[in-house]
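Below, each chain spelled out in residue letters.
Number of protein chains: 2
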Amino acid sequence: MLLLDLIEGKPIKRTPIWLMRQAGRYLPEYRAIKERHTFLEMCHDPELVFEITMQPLRRFDLDAAIIFSDILILAEAIGVPVDFLPEPHIQQPLRSASDVAKLATHNVQHRIGFLLEAIRRVRQGLPEEKALLGFAGAPFTVAAYMVEGKGSKDFVEVKRLMYQNKTVFRDLLAKVGEALVPFLQAQIEAGCNLVQIFDSWASVLSFDDYCEFALEAVRPVIMALKAQKAPVIYYINGAAPYLGVLKETGADVISIDHRTNPRHAIEALQGLVLQGNMDPAVLLADEAVIREQARKTLRAFKGAKGHIFNLGHGVLKETSVEAIECLVDEVHRA
Amino acid sequence: MLLLDLIEGKPIKRTPIWLMRQAGRYLPEYRAIKERHTFLEMCHDPELVFEITMQPLRRFDLDAAIIFSDILILAEAIGVPVDFLPEPHIQQPLRSASDVAKLATHNVQHRIGFLLEAIRRVRQGLPEEKALLGFAGAPFTVAAYMVEGKGSKDFVEVKRLMYQNKTVFRDLLAKVGEALVPFLQAQIEAGCNLVQIFDSWASVLSFDDYCEFALEAVRPVIMALKAQKAPVIYYINGAAPYLGVLKETGADVISIDHRTNPRHAIEALQGLVLQGNMDPAVLLADEAVIREQARKTLRAFKGAKGHIFNLGHGVLKETSVEAIECLVDEVHRA
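So the sequences go chain by chain: A and D.
Throughout the first sequence, residue numbering follows the numbering used here, covering 1 to 334 in sequence.
Throughout the second sequence, residue numbering follows the numbering used here, covering 1 to 334 in sequence.
Any given hint could turn out to be false.
Derived DSS-like pairs: lysine-lysine, alpha-carbon spacing no greater than 25 Å straight-line [claimed, not checked]:
id : chain 1 : residue 1 : chain 2 : residue 2
1  : A       : K166      : D       : K166
2  : D       : K166      : A       : K317
3  : A       : K150      : D       : K13
4  : D       : K34       : A       : K153
5  : D       : K317      : A       : K153
6  : D       : K153      : A       : K317
7  : D       : K13       : D       : K317
8  : A       : K34       : D       : K153
9  : A       : K153      : D       : K150
10 : A       : K10       : A       : K34
11 : A       : K166      : D       : K13
12 : A       : K153      : D       : K153
13 : A       : K317      : D       : K150
14 : A       : K150      : D       : K150
Source of the hints: derived by calculation from the structure; they are not laboratory data.
Between the sequences and the hints, there should be enough to build the whole structure, so can you do that?
Encoded structure:
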């Protein structure tokens, strides 16, 4: 498995590639499913999850599939229902110690049968050399969503809680972390070869707050997963301010966004495999630009211990299928 | 003038403080004006601009006023009308070479009489020891707004243009830059003691793209302003990836957001005065937290050549007047 070989430091024939949100709205066959089902139906039905997860693999020679799901499936599994309107919306956001106390973090693996069933099917349907990624949101990101109740620009509610009721917020992070371990372990046991933890929102924090809250909360999760012998990728959108401490997450791979300079990441994260980081908007340009920027990204990571080609963020819905074909082809050629 | 003395390296008795968006929705007297006027009416009426600019200075012992306006007033002045609904909205966003060619960048100073008149009044009404700041958006940020047409998460349109039609995008940046110089010079001539250039959106760019487009476009503007002998503050929201090249902007002061680690900024920007960077959300907490975090911010900038206390971003509308009082008091005590 190219992806695992790279992470384990074995010799590899070329740079592996997969794309965040490779199953998504840019694909006509995804949109066809989306027209007939709500987002939660899509997440809850193992057959649909299987189908959507496999869609990009049928079109493109990618080195990994990532199970189709949402980081808020964990919120739902610990007792915080989420609507998708289509943006995620939590009717009763958490704001107090008693809200946090009510979270049902035990045996979370028993409440995600649909996801585990889908993972088993995908692993069976995937060619042996392709990796299957499980995933989850990092404690800070999931907690922030549960406190904020929806997407946010300023994260007023989560920061109000964090600055004013540090203990309650820490309890919340710890509870999410406790649930995350069996949540990801179950995905690995069901057939995922590695997992990616998305800290999509951690970069709203100052450096000190990142260290005190986001990093402190994700580290024990990653440490607990190490026992599973499945590698962990940690993705943080807006990684630049925190590069100097990301090694402390314990992750095997750090996945960086396109704003983060690969050179800075290589310097700060010696000895770690890096993933990233072409701007997803490059895929809106023509073939020549895509090929040039893909080569530039490959060159930029030359000094890293290893490089998994990815975008700095998810595939944009405006992307064409031809753009992805061209990108995969260029990475294969290199 | 405390602020200018600091920038000029003269001895000062304490750290100066002003706050981005110190005139704004958190103030009841601002909301009272806003109820009776549209946002554009407020920007276009010298008396209202005077009034709104002075409001925070009447309440708090701040060291500077910043003229009330909007970065898109420049767009309007070069022939791109903007509606505020209340979010900025441009009916005919720029997308082509001919759109760019139509921009009326000459003599922009003749089309901002309302703003210059307001500046004259404020400078007259302001105590001598308080600085008056003029401002503008940086070329990339203004250009991005004009191409995108509204706020954006992914900046699909501006990046599509940037990657696909580099020449058109460069022309656009150059044209905005050409207009910016007289726009800011006129503000200085009317009475502003210094100016701040906001590159609020530049941090959507990769390091290389930042250097190639945003930095290249703002540098000549700042260089041209140097002749005016009014100091220039360059603010970039999400500064961390670019710290190593921000000195090349030529700005006298670099203003950093709250995600950027002051220690990294001090290291990268030796010899420059820094401004920032307390998380605006701290002001939602109680007095003890505000005072503690204010002292922490002051300590964090101790190694800089000079420090202007500010937030990492604008005052949040949820902020209380008492929170600002408490912050200003703590900075004065230190």
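Practice problem: Against the earlier hints, flag every one the structure doesn't satisfy and list their numbers going up. | Solution: Violated: hints 1, 3, 7, 10, 11.
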